[in-house]
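*Asks:* Sequence:
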Amino acid sequence: MIPFTTVEAAETSLGRAMTWAEALWFRYSRSTPDYWLCFQSFLILFATYTLAPLPSAGEVAAQLVVYMLMEDYLGYWFHRFLHSEWIYDNIHYVHHEFRAPMGFAAAHAHWFESLVLGFAAFISIFAVPCHMITCWLWFAIRGIAGVEIHCGFNLPFSPTKLIPFYGGAEFHDYHHHYGGKWNTVTWHRCSHFVTTYMGRIAFTGTKTQA
349 MIPFTTVEAA
359 ETSLGRAMTW
369 AEALWFRYSR
379 STPDYWLCFQ
389 SFLILFATYT
399 LAPLPSAGEV
409 AAQLVVYMLM
419 EDYLGYWFHR
429 FLHSEWIYDN
439 IHYVHHEFRA
449 PMGFAAAHAH
459 WFESLVLGFA
469 AFISIFAVPC
479 HMITCWLWFA
489 IRGIAGVEIH
499 CGFNLPFSPT
509 KLIPFYGGAE
519 FHDYHHHYGG
529 KWNTVTWHRC
539 SHFVTTYMGR
549 IAFTGTKTQA
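Going by the working numbering, the sequence shown opens with residue 349, and the numbers climb by one from there.
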């Protein structure tokens, strides 16, 4: 909240007279709650990015690829953090209550986990700004992907089969089966690089022997 109640007090602190625009904004904002001012800023940003010229299909595709790579890389390490002993026992275990997940399990999580993993999805659009249409498309893709990898069905006709290194429902089922002992996210590039992908190989061998 602005610490001044009059224009005169604000000008004394500034050491100069306000411009007409500054005075107009001061009179409006001095009695307006901070949360409402913040909300208005978001509305202005949404309007600005929505009214901007539509991006080309190539630009949208390129940005989405960047977002997917950034989110998966950051998500892997954030997810690895969630699998540390204390964090898993007190926070991430909520999500792993489903040993055999289904679509709704994608959103079944502790609020702190939603905040941490959500940050991985949000940071990419701040690093690479985009049109609001691309932003909504990105979060729609993330929502659909979250349901798809938790659905429990390895659908042969899923478009994600065309994406290199995409783990899908089968890959994520292994993760839920092992619980706190195995960490991965949507794609398995990071998992492969840090050797946790070996958990799937071991599990597959166990099923074959059985």
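Check each hint, because a few of them may be wrong.
Derived pair list, reagent style SDA-like, types lysine to any residue, alpha-carbon separation capped at 20 Å [what the hints assert, rightly or not]:
no. : residue 1 : residue 2
1   : K509      : Y526
2   : K509      : V414
3   : K509      : M416
4   : K509      : Y522
5   : K509      : G451
6   : K509      : F446
7   : K509      : C483
8   : K509      : F519
9   : K509      : G494
10  : K509      : L417
11  : K509      : A475
12  : K509      : I489
Source of the hints: derived by calculation from the structure; they are not laboratory data. Computed from a prediction, not measured in an experiment: that's the story for all the values here.
*Asks:* Would you pick out the hints that fail for this structure and give their numbers low to high?
*Replies:* Hints 1, 6, 7, 11 contradicted; others consistent.
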